[in-house]
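**Q** The chain contents come next:
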Amino acid sequence: MPLTTLAKGEGAQFRLDGELTIFHAASLKDALIAALGEGGPALTIDLSGVDELDTAGVQLLLLVKREAARLGRALIYSGHSAAVISVLELLDLAGTLGDPLLIPNASR
Amino acid sequence: MDMEDARDALVQEARELLAAMEMALMQIEAEGASNEAINAIFRAAHTIKGSAGLFAFERIVSFTHIAESVLDKVRNGSLPLDANLLSLLLECGDYIGELVDAIAARRETEEPDPHRRGRLEVALNALLGVDSPAAAPLTVQSASTGSAQIEVEGEGASVSSDNWHLSLRFSPDVLRNGMDPLSFLRYLGTIGTIVHIVTLPDALPDALVMDPEACYLGFEIDFVSSADRQTIEGVFEFVREDSEIRILPPRGKIAEYITLIHELAEPAGRLGEILVKGGALTATELDTVLAQQAAEPVPAKPLGTLLVEQDKVPQAVVAAALTKQKQGEEKRTQEQKFIKVEVSKLDALIDLVGELVIAGAAANLVAHREKHTRFEEAARGISTLVEQIRDAALTLRMVPIGEVFQRFPRVVRDISRELGKEIQLLVTGADTELDKSMVEKLSDPLMHIVRNAMDHGIESTEARVMAGKPIEGTLRLNAYHESGSIVIEVSDDGRGLDRDRILGKAIERGLVSPDQPLSENEIFRLIFEPGFSTAEQVTNLSGRGVGMDVVKKNIEALRGEVEIVSRLGQGTTVRIRLPLTLAIIDGFQVMVGDSQFVIPLELVIECIDISSHDLRHNILKLRGEPLPFVRLRELFDLPDIEHVRESLVVVQYGQQRAGLVVDKLLGEFQAVIKPLGLLFGGVKGISGSTILGDGRVALILDVPHLVQRTMRASTALLSHQHEKLNR
Amino acid sequence: MGKTILIVDDSFSLRQTVGIALKSAGYEVVEASDGRDALGKLDGRKYNLIISDVNMPNMDGLSFVRAAKQLPNYKFTPIIMLTTEGDETKKQEGKAAGVRAWVLKPFQPPVLLDAVAKLVLP
Chain A
620 MPLTTLAKGE GAQFRLDGEL TIFHAASLKD ALIAALGEGG PALTIDLSGV DELDTAGVQL
680 LLLVKREAAR LGRALIYSGH SAAVISVLEL LDLAGTLGDP LLIPNASR
Chain B
3 MDMEDARDAL VQEARELLAA MEMALMQIEA EGASNEAINA IFRAAHTIKG SAGLFAFERI
63 VSFTHIAESV LDKVRNGSLP LDANLLSLLL ECGDYIGELV DAIAARRETE EPDPHRRGRL
123 EVALNALLGV DSPAAAPLTV QSASTGSAQI EVEGEGASVS SDNWHLSLRF SPDVLRNGMD
183 PLSFLRYLGT IGTIVHIVTL PDALPDALVM DPEACYLGFE IDFVSSADRQ TIEGVFEFVR
243 EDSEIRILPP RGKIAEYITL IHELAEPAGR LGEILVKGGA LTATELDTVL AQQAAEPVPA
303 KPLGTLLVEQ DKVPQAVVAA ALTKQKQGEE KRTQEQKFIK VEVSKLDALI DLVGELVIAG
363 AAANLVAHRE KHTRFEEAAR GISTLVEQIR DAALTLRMVP IGEVFQRFPR VVRDISRELG
423 KEIQLLVTGA DTELDKSMVE KLSDPLMHIV RNAMDHGIES TEARVMAGKP IEGTLRLNAY
483 HESGSIVIEV SDDGRGLDRD RILGKAIERG LVSPDQPLSE NEIFRLIFEP GFSTAEQVTN
543 LSGRGVGMDV VKKNIEALRG EVEIVSRLGQ GTTVRIRLPL TLAIIDGFQV MVGDSQFVIP
603 LELVIECIDI SSHDLRHNIL KLRGEPLPFV RLRELFDLPD IEHVRESLVV VQYGQQRAGL
663 VVDKLLGEFQ AVIKPLGLLF GGVKGISGST ILGDGRVALI LDVPHLVQRT MRASTALLSH
723 QHEKLNR
Chain C
61 MGKTILIVDD SFSLRQTVGI ALKSAGYEVV EASDGRDALG KLDGRKYNLI ISDVNMPNMD
121 GLSFVRAAKQ LPNYKFTPII MLTTEGDETK KQEGKAAGVR AWVLKPFQPP VLLDAVAKLV
181 LP
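Line by line, the protein sequences give chains A, B and C.
Count along the first sequence starting at 1, add 619, and that's the number in this note's numbering.
Count along the second sequence starting at 1, add 2, and that's the number in this note's numbering.
Count along the third sequence starting at 1, add 60, and that's the number in this note's numbering.
Calculated directly from the structure, the hints in this document are not laboratory data.
Source: prediction; values computed, not measured.
Possibly wrong hints are sitting among the right ones.
[Unchecked claim] In the BS3-like style, the derived pairs of lysine-lysine whose C-alpha atoms are separated by at most 25 Å in a straight line are: (1) C:Lys101 <-> B:Lys438; (2) C:Lys129 <-> A:Lys648; (3) B:Lys686 <-> B:Lys555.
[Said to hold, decoys possible] If you anchor each label on the Cβ, the simulated ranges turn out as follows: (4) C:Glu148 <-> A:Gly714: 45 to 55 Å; (5) B:Asp208 <-> A:Pro660: 17 to 27 Å; (6) C:Glu153 <-> B:Asp208: 27 to 37 Å; (7) B:Pro641 <-> C:Arg105: 50 to 60 Å; (8) A:Ala693 <-> B:Arg419: 26 to 36 Å; (9) C:Pro117 <-> B:Ala559: 26 to 36 Å; (10) C:Lys83 <-> B:Lys279: 35 to 45 Å; (11) B:Lys555 <-> C:Glu148: 44 to 54 Å; (12) A:Gly714 <-> B:Pro174: 20 to 30 Å; (13) B:Glu474 <-> A:Ile704: 19 to 29 Å.
We put the beta carbon where it would ideally sit given N, CA and C, even for glycine.
Working from the sequences, and respecting the hints, build out all of it.
**A** Next up, the structure:
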């Protein structure tokens, strides 16, 4: 479950791959919080490579989103994979974690 | 394997367990009680009960249950195992045996001997301190026990909503315990419809202290379902103990909502909003609730215990119906259809058969040398039988390949969904048998090939439409026997392999040099090279972890071979060829100098005297066709002998033929394959060894390797000549 | 993607029957005949669920579960334990080891399938 840095500084970009589950939650939390720390005012996390998402993963996405807001950073989740979308729909969290402006219907 | 077979297996297993139980009881009688023996008895009863429960064989379950309870007391030391109890347990074992016989005779609904059963139950219950047999609890928990609970109309006003309202606050440990609230919610979706859900992140603490493995989320759910309360509560049965699960029925009491709002940590106003938004309460009802709540705060009584009160499982009335039944005479008609045998025993048998084959060959040899006609005849008769025994022994380990194939319908369904492709799966030849040990090792490589075919082979729907193909792609699994091998094919009607692209990629990767002449087949085989991947885009499915090189390696470890046939735009077939068994082969014995070799007989096409042939450049013209060959003498560096009249054995593997030059042809021979020791492990061209009738060792030639090597050598030679001519 | 379930029970016929039921519900099934055998099958492959009996020869179910919980790849894997009426103390031990899902033996296949569906995401 690696977090990859695609671009640093201004408009930093990251990508999450594989399982976003409790098995990796501990290491991932640290990595994500660190990513928030080094990023600029706006950052994007690409979720297209996430093929499994559980409650622990959802909590992390919520936490990072909230933490970003607290730090005054604009955090956008993009490229939601099918696995992510199905969980967000189940929990009705598309509004919170969906960043729908950036995922037009056509891309699904 | 279906449920009927499983039922027979249950009978078989129960009989074995009863025998083990009896043996342990006898042992205790003779040598005194030991923990081990007591445990064995307990486990036997436990296992019989467990298996019988799967089939709802209630008679055996309820009886064994009482016996097991007694055994449990014995096991934890609260009941001494004296002579009386020993004989009681032996009698119980006998009676369980009768119940098992009844199952075997398909008469499980009849009590074999109600009177005897009653007597035994009284004796057992007396030991448990239970007076009446009717008090023995029946523990069968079947799916049908959940009966609709009638909501008793009580005092107090009800809300108008027709939805269930579920308020879920999971224990922080739930995730660590391996349970995911998401899966409960998904399950909920299978027994009704979630009309409204609010995920509450309020309990999520500060980033610094948040424990990523703890669960913080809460859920407020409005749910439409015709399921009864017990079923809905049952969804949360595994988390109910440490989580706060509140379930309010349709048209629930206002009072219950008051309690709900009162007890939850979230601010009352916020919860109220959620309830109204989800339709659990109307705005007016909420006002009533809030007003009442402010007026008369409800005592903090855990609502869970109040609402989650379950119906007591109806006490089972012990079947007292003393229906008279005739003992079934045809009880024994359903004799054991199969016996369970440890694989190690089977392997030992096959080893012995191997030795028998060798000993038989030795006897043949002696008979032949003695030139004793009647001895020879007798030896031949024995040989025929030994051959049949060998074949019969090997079939014991044969299983249909359907065992591997059966997982693919689901796999194909899931992957095609994931890929957004429409793919149908056709399975043929599922009855084709192969050695059990191979079945296990075949599963993973096949899975990989199938994934690869679906991911890279079959085109996207759009591309198929453009190509004028049916929208639905077809994936085919096929198996058949062919000259001592089993052939397994995975075919797709996809885009086919692009010869030029593969070659380009291989050159780019440095796997081949640009001027190397390669046949189409050889080019296709490049995709099995480590580190080769044609897909530009590495996808989730195939692009991860193992590559096709691992597939090839796995197949080769089974002495098999992979071959690819592909037509651009029309599809690809991956063909796996495996020997039927790993243990014994029919061989063709040859000699070079003093050394003996064995060639798998099914790969031998013909033998030719080559004294009259032109043998330049290791290529011979056979009936007008060039046939590359290799001299085993040169290959294995054996000493030269003068004036030897060489012969050539033509072998074929897959579609390719090659010749092997030897000194002497010795004829057919059954070879028991022994694994190669350290000494020969590294030698290419040898796949195993075998022991001859006279005790000497012969090496088994690795024909696939030799054919390939010979082909390569001749191609290289041809191109070399070609170059010379061009210069 | 196929979900894989490891079933640990010393009864061949129980494994077989449960195996048929699980396979027909679309799961892949790996069988182990006791705790020790099962531990050998925790070799890195992913299981979406482990179903284990309590009473088994060689290594019992609870020792197996405790061992599994030590392995990073399996520490959070859902576990269903098959238990009998008399196993109240075992249940307490199991609870301490982090087991919450119990299915009372004897059971019929639909009961187990139901329990499985509650713990494994489709």
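**Q** Each of the hints needs a verdict: does it hold here or not?
**A** Taking the hints in turn, this is what the structure says about them:
{"no.": "1", "hint": "C:Lys101 <-> B:Lys438", "in the structure": "holds (19 Å)"}
{"no.": "2", "hint": "C:Lys129 <-> A:Lys648", "in the structure": "holds (21 Å)"}
{"no.": "3", "hint": "B:Lys686 <-> B:Lys555", "in the structure": "holds (15 Å)"}
{"no.": "4", "hint": "C:Glu148 <-> A:Gly714: 45 to 55 Å", "in the structure": "holds (47 Å)"}
{"no.": "5", "hint": "B:Asp208 <-> A:Pro660: 17 to 27 Å", "in the structure": "holds (22 Å)"}
{"no.": "6", "hint": "C:Glu153 <-> B:Asp208: 27 to 37 Å", "in the structure": "holds (35 Å)"}
{"no.": "7", "hint": "B:Pro641 <-> C:Arg105: 50 to 60 Å", "in the structure": "holds (51 Å)"}
{"no.": "8", "hint": "A:Ala693 <-> B:Arg419: 26 to 36 Å", "in the structure": "holds (35 Å)"}
{"no.": "9", "hint": "C:Pro117 <-> B:Ala559: 26 to 36 Å", "in the structure": "holds (33 Å)"}
{"no.": "10", "hint": "C:Lys83 <-> B:Lys279: 35 to 45 Å", "in the structure": "holds (43 Å)"}
{"no.": "11", "hint": "B:Lys555 <-> C:Glu148: 44 to 54 Å", "in the structure": "holds (51 Å)"}
{"no.": "12", "hint": "A:Gly714 <-> B:Pro174: 20 to 30 Å", "in the structure": "holds (26 Å)"}
{"no.": "13", "hint": "B:Glu474 <-> A:Ile704: 19 to 29 Å", "in the structure": "holds (25 Å)"}
Hint compliance for this structure: every hint is met.
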